[in-house]
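Visitor: Starting from the given sequences, assemble the full structure and let the hints guide the process.
There are 2 protein chains.
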Amino acid sequence: MRDFDENNITAAVIDRYQNTPDPRLKKIMTSLVQHLHDFVRDVELTEAEWTHAIDYLTRTGKLCTDKRQEFILLSDTLGVSMLVDAINHRFAEGATESTVMGPFYVQNPPEAAFGADIRGEAKGEPLYIDGSILSEDGKPVANAIVDVWHSDAEGFYDVQLPELEEPTLRARFHSDAQGRFRFWTIMPRYYPIPYDGTVGDMLKASARHPYRPAHVHFMIIAGGHETLVTHVFVDGDQYLDSDAVFAVKNSLIRDFTREAPGIAPDGKKIDTPWRKLQTNFVLSKVMAKKSAPAA
Amino acid sequence: MRDFDENNITAAVIDRYQNTPDPRLKKIMTSLVQHLHDFVRDVELTEAEWTHAIDYLTRTGKLCTDKRQEFILLSDTLGVSMLVDAINHRFAEGATESTVMGPFYVQNPPEAAFGADIRGEAKGEPLYIDGSILSEDGKPVANAIVDVWHSDAEGFYDVQLPELEEPTLRARFHSDAQGRFRFWTIMPRYYPIPYDGTVGDMLKASARHPYRPAHVHFMIIAGGHETLVTHVFVDGDQYLDSDAVFAVKNSLIRDFTREAPGIAPDGKKIDTPWRKLQTNFVLSKVMAKKSAPAA
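Those protein sequence lines, which keep their order, are chains Y and G.
For the first sequence, the working numbering gives the first residue as 3, with consecutive numbering after it.
For the second sequence, the working numbering gives the first residue as 3, with consecutive numbering after it.
Be a bit skeptical, because a hint or two may be false.
Unchecked claim - Part of the chain Y face toward chain G, derived, beta carbon under 10 Å:
| # | residue |
| --- | --- |
| 1 | N21 |
| 2 | K28 |
| 3 | V45 |
| 4 | D57 |
| 5 | I74 |
| 6 | P112 |
| 7 | P164 |
Hints were generated in silico from the structure; no laboratory data involved.
All values derive from a computational prediction rather than experimental measurement.
Ideal Cβ placement from N, Cα and C applies to all residues, glycine included.
Guide: Right, dumping it as structure tokens:
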């Protein structure tokens, strides 16, 4: 075919995918071309805007390193990550809701024992986390992998701090026979997503702020259950209603209670005020997914 | 707002752009979010597919250098470049049609005199190009900038050949008082777009070939007229009906005539068979654009 114009080119491009061996890839490319072309037609994209878009995508790719993933940030700030999360986690009624992974997870975090202190050199208000992993039928889930990561008291993750040599405020626990895990850390703080790059440029040009409310990330992996990637948010945070990545769910907000100096639940003597989070995570059994809700 | 699900998140993200100072950016971001989310919902993108897409975009960015622009190739092979071209070049009736710029244009090509030979060290069938620049009213356009670039006899552009130190098969001419330009070069060949990268991966997975039919690129800039970015295609090429970037228009195909050894039009004696292209370019006057055709 020849002589494509703005009306017939979309069908011609889609036709070029007709021999794609993998039917799933064929479906994805067909839909991608249709929606991408619809967008370009809808806004009548100018050549200067197209050039800007090419340059923007290129710069976004160049910013990515093993410590920073600007395309994930872009997906997060455009709400795409939360949309993918929602589509893929139609969990059983009563199961803990999922939310975005974010760009700061690190594969194979350091193993930590029941009751460990993962503060390292980080300074901040002590936080004792007392969690339990349950199955959707209420039974405890033993030996689940519980990966934890969160920001420091200034709002930074360890991977953003080049002077840190060891993973900090980041660990892998295993739930005990009663499904429990416990550890000491410090309170996380609200923080801006990295906004000195292309995503920051987009947020600034759109008069959007880059902040996320304070939270602790969890990824919980247990045999026979759907993997749960979620956060626990700190109640009262000023950014709960305007999270830059659209990840807040009411069911994930917890009271991080204020505790007086004295004896902590693990028998440790503590001289300063401290905080406590007591929370359950309820895992959906594999195959217990809800089907897609009606649009 | 909190508690976004797959149905309400799109409106929530769009709402976040309501204070965008530039109305054009607000329109673009609103449309982009709507179409991007519609695509994700349409295919019910899985997390593994999302991860693959993040990685694909990242690798595409990393491939870009000052000599290679993989995002332009991606735009070209998805038909987006031709769509943007069509939307932005609703030229006057009778004007030469535009087509894609492609990734091989280089700013400020070397100046060349009327009648110059731009072959450098390149070997191939000699080609004499005899062109004229006209305005839409048929009058010649003097002193137009005529940038020319094309592949060699193996299908490579100079920027793809690291051993070349000088620009080759690439020049800037100026039309004379009668609107004419003339030069010697060699016949271009059909060629694959670079397919050792992410765009090549996409083409292979989709059983699409990477070839473009043989052509010479022109960009023509003249006061009072719309800039024309176009190709002249070689009639008879086997890829005219399946150009990997959807750029062929029938009105841009020319007979590159086969000529016998003897005396060339510029008086030069030539001992081998050679080819001749005689062609006009008709420029649209500024402001003479057609409005958008009805869809």
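Visitor: Return the status of the interface hint for V45 (chain Y): holds when the least beta-carbon distance to chain G is below 10 Å, violated otherwise.
Guide: Holds, because the Cβ-Cβ distance from V45 (chain Y) to chain G comes to roughly 5 Å (cut-off 10 Å).
Visitor: Does the closest beta carbon of chain G sit nearer than 10 Å to the beta carbon of N21 (chain Y)?
Guide: With a minimum Cβ separation of about 4 Å from chain G (threshold 10 Å), the hint on N21 (chain Y) holds.
Visitor: Grab the minimum C-beta distance from K28 (chain Y) to chain G and call the hint holds if it beats 10 Å, violated otherwise.
Guide: Result: holds, 8 Å to nearest chain G Cβ.
Visitor: Does P164 (chain Y) hold up as a contact with chain G if the rule is Cβ-Cβ below 10 Å?
Guide: Check failed: Cβ of P164 (chain Y) comes no nearer than 21 Å to chain G, outside 10 Å.
Visitor: Given D57 (chain Y) as an interface hint, is the shortest Cβ-Cβ distance to chain G below 10 Å?
Guide: Holds: closest Cβ of chain G sits about 8 Å from D57 (chain Y), inside 10 Å.
Visitor: Checking hints one by one. Is P112 (chain Y) an interface residue toward chain G, by the C-beta closer than 10 Å rule?
Guide: With Cβ-Cβ at 24 Å, over 10 Å, it is violated.
Visitor: Going by Cβ atoms only, is I74 (chain Y) closer than 10 Å to chain G?
Guide: Since the shortest Cβ distance to chain G is 6 Å, the answer is holds.
In this structure, the earlier hints numbered 6, 7 are contradicted, and the remaining ones agree with it.
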